[in-house]
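Colleague: Sequence:
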Amino acid sequence: MIELKNISFKIFDEKEQKDKYILKNMSVKFPENKITVITGQNGSGKSTLIKLIMGILSPTTGDIFFNGQNITKTTVSERANLGLTLAFQQPVRFKGLTVGQLLNLANKSKNNLSDSCEYLSRVGLCAKEYINREFDDTLSGGEAKRIELAMALAKQGKVFLFDEPEAGIDLWSFDGLVEIFKSLKNKTVIVVSHQKKLIESADYVFVLNDEGSVFGKRKDMEKFLNNPVCLKMGGRT
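When you line the sequence shown up against the numbering used here, it's residues 1 to 237, in that order.
To be clear, the hints were calculated from the coordinates, so they are not data collected in a lab. A couple of the hints might just be wrong.
Listed next, the in silico SDA-like pairs over lysine to any residue satisfying Cα-Cα at most 25 Å (straight line) [as the list claims (entries may be wrong)]:
1. K217 <-> T75
2. K182 <-> D137
3. K24 <-> T75
4. K128 <-> T98
5. K155 <-> L97
6. K34 <-> E200
7. K5 <-> D63
8. K34 <-> D175
None of the values given here were measured: they were computed from a predicted structure.
Working from the sequences, and respecting the hints, build out all of it.
Modeller: Given below as structure tokens:
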């Protein structure tokens with residue numbers, strides 16, 4: 001289980017010349033082996049929250065726990081070794097490395113060719129066309145996003161963190177995303193998204209807005225999810 005206790009994160013606002021809280025005194029538990037979608041209005045701290053869990057950012061105050069262990073001070077690499085994995089909103093390109101090599105690196109070289117092909121197939125890509133292709137700027141945004149998802153699957157982690165995974169992908173890939181999340185049984189999946197289909201696939205929903213946050217089972221959250229402000233599209237957090 002991922003648990004955040006009294007988490008605050010602030011930055012210095014250059015324009016107003018004062019500190020600004022992105023998240024303030026937040027506490028939440030993400031249920032183990034369930035899909036949770038984090039949604040809400042733009043600027044409410046959704047992506048910040050994901051980066052705090054992964055260790056890319058450090059909280060101003062508060063603590064982060066994984067299965068009862070305080071991981072607040074641990075590095076990104078240490079959290080990855082514990083089983084946390086993050087797929088970014090915009091995939092990082094690795095010029096000079098092939099897709100197959102990246103899949104092997106993701107799983108610490110435990111993959112065989114058959115495994116790598118299976119991961120690519122699960123994200124809707126033909127392995128023969130991509131396994132020896134470089135992961136560089138010649139790939140479209142949608143192709144890069146699918147390959148990054150395959151890399152996340154190859155890591156075989158315990159906790160999967162996705163920051164707006166639908167960004168830049170086509171309709172087929174989007175429908176496939178939902179199926180990928182549903183297939184991650186016995187895994188904890190935390191997704192930042194505005195998309196209705198992804199929200200409908202969730203077991204739990206965490207709604208963030210300027211006035212606070214609300215967490216609950218998806219079926220109990222209809223009054224919040226039907227609020228257009230909560231599902232406002234576009235922009236970055």
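Colleague: Mind checking the alpha carbons of K34 and D175 for me, to see if they're no more than 25 Å apart?
Modeller: With Cα atoms ~19 Å apart, K34 and D175 stay inside 25 Å; holds.
Colleague: Holds or violated: are the alpha carbons of K34 and E200 at most 25 Å from each other?
Modeller: holds, 13 Å
Colleague: Does the alpha-carbon distance linking K24 and T75 stay inside the 25 Å limit?
Modeller: holds, 22 Å
Colleague: K155 and L97 were given as a pair; does the straight-line alpha-carbon distance stay at or below 25 Å?
Modeller: Answer holds: K155 to L97 is near 17 Å, not above 25 Å.
Colleague: Within 25 Å, alpha carbon to alpha carbon, are K217 and T75?
Modeller: Answer violated: K217 to T75 is near 31 Å, above 25 Å.
Colleague: Given the hint that K128 pairs with T98, test it: the Cα-Cα distance must not exceed 25 Å.
Modeller: holds, 12 Å
Colleague: Verify the proposed pairing of K182 with D137, using a straight-line Cα cut of 25 Å.
Modeller: violated, 30 Å
Colleague: K5 and D63: Cα distance at most 25 Å?
Modeller: The given pair, whose Cα atoms are some 5 Å apart, holds under the 25 Å limit.
The structure does not agree with the numbered hints 1, 2 stated previously, though it agrees with the rest.
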